[in-house]
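> Chains as they are written, first to last, in numbering that gives the first Met the number 0: chain A, 0 to 111; chain B, 0 to 191.
Think of the hints as simulated: they come from the structure by calculation, not from any bench. Treat the hints with care, as some may be off.
As the list claims (entries may be wrong) - Covered stretches of chain B (in silico footprint by chain A; criterion: 3 or more residues with CB under 8 angstroms from a CB of chain A, positions within the stretch not fixed):
hint : stretch
1    : 43-57
2    : 66-78
Unchecked claim - Partial list, computed: chain A residues near chain B (C-beta under 10 angstroms):
hint : residue
3    : L41
4    : A96
5    : A100
Unchecked claim - Away from chain A, derived, C-beta distances all over 12 angstroms, residues of chain B:
hint : residue
6    : S1
7    : D7
8    : A62
9    : P82
10   : V108
11   : A119
12   : S157
13   : G159
14   : L172
15   : R183
For every residue, glycine included, the Cβ atom is placed at its ideal position computed from N, Cα and C.
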Amino acid sequence: MRAESLKGHLDGLLLACLEDGPRHGYAVIEALRDATGGQLDLPTGTVYPALHRLEAGGLVRGRWSVVTGRRRRTYQLTAKGHRALSGKRADWRQFSAVVGAALEGRPCPDPT
Amino acid sequence: MSGPDMIDAYLAQLAARLPEPIVAELADGLRTTYEYHLRRGLGAEEAARASVAEFGEPAAVLAAFVAANPARGTARSLLVAGPVVGGAWAAVLLSRHAWDWPVALGARVGFGAAVLTGVALLAAAAFGVRYRRAGRSAAAACLVVLAVDLSMISYVTSTGILATWPVPLAAALSTTRIGFALSRLPRVLACC
Chain A
0 MRAESLKGHL
10 DGLLLACLED
20 GPRHGYAVIE
30 ALRDATGGQL
40 DLPTGTVYPA
50 LHRLEAGGLV
60 RGRWSVVTGR
70 RRRTYQLTAK
80 GHRALSGKRA
90 DWRQFSAVVG
100 AALEGRPCPD
110 PT
Chain B
0 MSGPDMIDAY
10 LAQLAARLPE
20 PIVAELADGL
30 RTTYEYHLRR
40 GLGAEEAARA
50 SVAEFGEPAA
60 VLAAFVAANP
70 ARGTARSLLV
80 AGPVVGGAWA
90 AVLLSRHAWD
100 WPVALGARVG
110 FGAAVLTGVA
120 LLAAAAFGVR
130 YRRAGRSAAA
140 ACLVVLAVDL
150 SMISYVTSTG
160 ILATWPVPLA
170 AALSTTRIGF
180 ALSRLPRVLA
190 CC
């Protein structure tokens, strides 16, 4: 799956990777790879700016630490990030149900 | 080129355009990826090549950072707010006959030049494609915006027309903009 297909969904995926606890950039990438069975063809260098964007939006909080002599930035979901993740999950369920219904000729689910 | 040299060369391309803390974070990620490939049994050169390929073209990483640059977002917000705050002050100047105010010509010209400089700096930060330059432009623009807003508020306060409509509206908008610029300034300075 190519990176363009992720447009609009990367933020939600990154928030989901941080749901279980704080992770540094590489660990987020690993979690994303594990969660998707390695099917996302995403340049990992572009995950870092996405994390910075989430931090600027107050959805994650970054903290520096030093691990084996190297500076490492670890990210953690904020309360706002948890709410945003719930919202993105609900939006995705609705989106996939509606698009799935249209693509497969099924009746569209009731919006309520 | 040896494996570590390849990693260093890749990071040097990013270091030329991005602030040091971002490069330190990317360096940690890239070196962790490199170590992962070494543990998988790849040779140093192969591991470095695989790590760099996974990270993506430096131009793509830079472009993603430019798009996410908080200085850019701040500049765009201030550009959008500019006509609103400026319009309110224009109403004040017209309704209170600003051409009769006892302000020296040099001060008037200086104020106009500051406004134009602020707009130019905001435009450079909002649409620039260089991360650190956008940060510097946005930081300078924030300072100009603070100076412009504070000088207008100081003037209307000192002349006793603060309570005369539409001065309170313009002053309130400027105060809001001052708060916004001050709150964003630390993050913008970190982009320089």
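> Which hint numbers does the structure go against, in order from smallest to largest?
4, 5, 8 and 15
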